[in-house]
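Asker: Protein chains in written order, with our numbering: chain V, 1 to 116; chain R, 1 to 108.
The set of hints was computed from the structure by calculation and includes no laboratory data.
Please read these numbers as outputs of a predicted model, since none were measured by experiment.
Treat each hint with caution, since some may be false.
[Said to hold, decoys possible] To be clear about the criterion: a stretch of chain V counts as covered by chain R if any three or more of its residues have a C-beta under 8 angstroms from a C-beta of chain R, and this derived list gives those stretches:
#	stretch
1	13 to 25
2	105 to 115
[Stated by the list, open to error] Now the stretches of chain R that chain V is said to cover, found in silico as 3 or more residues with beta-carbon under 8 angstroms:
#	stretch
3	63 to 69
4	96 to 106
Glycine included, each C-beta is placed from N, C-alpha and C at the ideal position.
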Amino acid sequence: GAGVSQSPRYKVAKRGQDVALRCDPISGHVSLFWYQQALGQGPEFLTYFQNEAQLDKSGLPSDRFFAERPEGSVSTLKIQRTQQEDSAVYLCASSLRFTTSTDTQYFGPGTRLTVL
Amino acid sequence: KNEVEQSPQNLTAQEGEFITINCSYSVGISALHWLQQHPGGGIVSLFMLSSGKKKHGRLIATINIQEKHSSLHITASHPRDSAVYICAVQQGAQKLVFGQGTRLTINP
Numbered sequence: 001g002a003g004v005s006q007s008p009r010y011k012v013a014k015r016g017q018d019v020a021l022r023c024d025p026i027s028g029h030v031s032l033f034w035y036q037q038a039l040g041q042g043p044e045f046l047t048y049f050q051n052e053a054q055l056d057k058s059g060l061p062s063d064r065f066f067a068e069r070p071e072g073s074v075s076t077l078k079i080q081r082t083q084q085e086d087s088a089v090y091l092c093a094s095s096l097r098f099t100t101s102t103d104t105q106y107f108g109p110g111t112r113l114t115v116l
Numbered sequence: 001k002n003e004v005e006q007s008p009q010n011l012t013a014q015e016g017e018f019i020t021i022n023c024s025y026s027v028g029i030s031a032l033h034w035l036q037q038h039p040g041g042g043i044v045s046l047f048m049l050s051s052g053k054k055k056h057g058r059l060i061a062t063i064n065i066q067e068k069h070s071s072l073h074i075t076a077s078h079p080r081d082s083a084v085y086i087c088a089v090q091q092g093a094q095k096l097v098f099g100q101g102t103r104l105t106i107n108p
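Can you build the whole structure from these sequences, using the hints too?
Answerer: What follows is the structure, encoded as structure tokens:
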């Protein structure tokens, strides 16, 4: 594909449900990032992968949040027992190279999660 | 205090005006990014810079490393420039720390 894709684009969940958000990065991109963007705010870092290795998960707000990228391409962000404060747009971004270089990040369209 | 502060938070101008959005940061960085986000849309990278100035079309980005300050300028603004403009800093590893964004509205 031409860019980063995410699915679903919109997700409505009842409080307490588990959700899984998918990110397909640009083919060949080594680095993959997840960000959370609350309404009216700038994005905030959640976690980062280099290939299949999760190198930084310092931004995950609680142990209900879990991310994986088992084959170094597609990534899934899972949120267990969703709460209303989890409502946000979840953005995925990928970049070509490794952590030692500054590199353009290419963002997906995001998944808007609404927890009722 | 946030590590990345943008001003103004909201900006409304008439078509054709020269626009400036400012970004100040309080940490050491390896690069600074300017990003554009349209309503309901994804984020597009406009510039990545670590020194000096970059220009692309009607957009100009500058950075002063000593003063920890960057500006994004739009010349001859147009209604299609209406969007949220976000400043983000990169500290070593590629993780970005974002400002809260500046909502720009250009009226015809």
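Asker: Hint by hint, note whether the structure agrees.
Answerer: How the hints compare with the structure:
With 0 residues bearing a CB less than 8 angstroms from a CB of chain R, the stretch 13 to 25 of chain V misses the requirement of three and the coverage assertion fails. Coverage of the stretch 105 to 115 of chain V by chain R holds. Counting CB-CB distances below 8 angstroms, 6 residues qualify, and the rule asks for three or more. With a threshold of 8 angstroms between beta carbons, the proposed coverage of the stretch 63 to 69 of chain R by chain V is violated, since 0 of its residues qualify and at least three are required. Under a criterion of three residues with beta carbons nearer than 8 angstroms to beta carbons of chain V, the stated coverage of the stretch 96 to 106 of chain R is upheld, 6 such residues being counted.
Checked against the numbered hints listed earlier, the structure breaks hints 1 and 3; every other hint is satisfied.
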